[in-house]
Each structure stands twice: as C-alpha cells, then as structure tokens.
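**Student:** Listed below are the residues making up each chain.
There are 2 protein chains.
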Amino acid sequence: MFMLERERIDSTFKKVKAQSANFLTLINLSLGALALLFMINNDLKIGFILIFLAGLFDRFDGMVARKLNIESEFGKQLDSLCDLISFGIAPAFLIYQAVLHQFGVPGMIFTIIFIVCGAIRLARFNITEFTGSFVGVPITVAGCLMAAAYLSINFVPAFFFMFLTIGLSFLMISTISVKKQ
Amino acid sequence: MFMLERERIDSTFKKVKAQSANFLTLINLSLGALALLFMINNDLKIGFILIFLAGLFDRFDGMVARKLNIESEFGKQLDSLCDLISFGIAPAFLIYQAVLHQFGVPGMIFTIIFIVCGAIRLARFNITEFTGSFVGVPITVAGCLMAAAYLSINFVPAFFFMFLTIGLSFLMISTISVKKQ
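Protein chains in written order, with the numbering used here: chain F, 1 to 181; chain L, 1 to 181.
Simulated from the structure, these hints should not be mistaken for laboratory data. Any given hint could be a false lead.
Since the list can't tell identical chains apart, any single copy or any two copies may satisfy a pair.
Below, simulated BS3-like cross-link-like pairs (lysine-lysine); rule was C-alpha separation at most 30 angstroms, straight line [unchecked claim]:
| id | residue 1 | residue 2 |
| --- | --- | --- |
| 1 | Lys45 | Lys15 |
| 2 | Lys15 | Lys67 |
| 3 | Lys14 | Lys45 |
| 4 | Lys76 | Lys179 |
| 5 | Lys45 | Lys67 |
| 6 | Lys17 | Lys45 |
| 7 | Lys76 | Lys17 |
| 8 | Lys15 | Lys76 |
The following block holds chain F by itself, in its conformation from the complex:
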C-alpha cells in the first residue's frame, strides 16, 4: 500500500515534470502569437522584442527537457508547431510590414515563400532521426536572423530584404549541414 502511494506520487511528479517543458513551449507560442497581434496593429518594435523573447523560451524548453530527461514525441510536435509561428510567420510579417509591403505582389510572394520553406524544413526535421547536425538551416536561426535584420532597415536599401528573405528560405530547405550548438 505504501509502495502504491509512493508510485502514485512519483507518477504525478513525473507528469508535472513532463509538462514543465511543454509549458515553456506554450509560452514561446503565446509570445509568437502576441507578436503577430502587435504587428497587425503596426506596432513593429514590440513585435520584434516578442520574437526574441520567444527565442529565449525556445532555448529554455529544449534545455529543460534534456536536463530533466523528459523529451517526448508530443513535446517535439508542439515545438515544431510553435517554431512555425514564432520563427516562421512572425519574422516574415515583421519584415513584410517594415519593408517588403513596398514591393506589392512580389513582396507578398517572397513572404509566403519564407513561411512555406519554414514549414517544409520543420516537416522534414520531424521525420528524421537527429544525429547531432541539422540538415538545412533551422527555422529558429533563419527566423532570428530575419528578425534581427529589422534593426538595419534605416541603413540598408529595401531590395536587400528581398534577397535576404529568399536567401534564408532556400537555406532552410537546402541540404547544408549545420552542427547543433
């Protein structure tokens, strides 16, 4: 009976522990969605800050999952869905709202290409066994570079952002090997 009670407590503790990493992932997702809401209201600076905050939580959830040894298939799936929002859609919309909208339809197409390539990268990542290196630039890296580029909008000609968007898109779906830091 004592053993059973102990097992029950252990199992509850394990569940709480397991959810801790997923909780961080959901904060990351919420920050990404909040960034989009601020960007809809043309509040790009707050959107920019929220994307980097999401990036911080993205580092945390993986670290927590590995440290506590609670990596799960559910967590991996949730992480990908979350990455698509925080590092796919949010940075693409930041640069679209800040610069690319000037280009009209081509600006829209390039923004969509970035999101599509991000989704392809994530789907491919989810079905491959991880061996220490990523195939193709991770969407987190591409998304953070895209968001960071926002700081240079006053110093760099607008067409540079078209090249950046399409360049990062292709780097995500390329077969370049990137070692995990």
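Assemble the complex: chain F is given as a structure, and chain L must be docked to it using the hints.
**Tutor:** Same frame as chain F, but now just chain L:
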C-alpha cells in the same frame, strides 16, 4: 537492364505522385498565409474567402493522398503545420480584427488561447494512431466555424464571439469523440 530502366521510371513516377498531395498542402498553406497578409492590411473579406479556399484544398490533399495511396509521414507533418496557419491563426485573426480587438487585452488573450489549443490539438493528433474517430474537435472544423461566424458580425452582439472563441478552443482540446466524415 530493361527491368532497371522500368524500375527507375516507376520510382520517378511514384515520387511525382507522392508530391502531388504535398503540393496541394502547400497551396493550402500559401492561401492561409495570404489570408493573414490581407488581414494585416485590414482586408477581412478577402481573408475570409481565402480561408475557405484553403479549406477546399485541405479536403483535396487528403482525398488525393488516399486515392493515390501515397499517404506519408512527411505529408502528415506538413498538413498539421499548414492547418495551424489556415485554420488556427487565420480564423483567429479574422475574428480578432473584426470584433475581439474591441475588448482590448481579454480579446488578445482569447485569440491566443484559440491558437494555443489548436496547436495542442494538432500535436496530440500527430502522435496518436487514427482509428476512424477524432478525439476533440479537429482544428479544421473549429477554424471553419470560427471563420463562418464572421458572416454574422452585423447580427450578433460582440461578446458572443468571446464565448465562441473560448468554446471552440476547449472543444479542440476536449476528449469528445468526432467521427470522420
């Protein structure tokens, strides 16, 4: 030699066939992303139409995959990522831009809850074996209902949309069993 050549042609044909369903999924995703771009510019009617067009392609890709017997793990992953955009973020933003923004912070929180619950629903779906019924209302159904509600904004009081958003959110993560049509 003839056999080898035939196998090569067969394999190329299979690859093209396999990509046909994924191509439809990517059109669905592009329509969802385009809907978001139109909604950023406050063009809600076009956003609404694009969400339903995405819904049409979502029916197609599954049908094509099953008919051609080319259901793949990559296709399943891509489909989920795509569903989160076209039936999670896009309808949530449509209703936020149309009505919920009036409620300030609570309106933002409810919009984010819808997206978070959609992501949880998709992550759970991806790790469970499909047995003919869905557990929880699918995000495609919740998203299309949410988008359809846009047609009633002139006839229904604004707070109804707060209830609708939170209600659909919980239906997605509930354990209600929904039979596949």
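**Student:** What are the numbers of the hints the structure violates, in ascending order?
**Tutor:** The structure breaks hints 1, 3, 5, 6; every other hint is satisfied.
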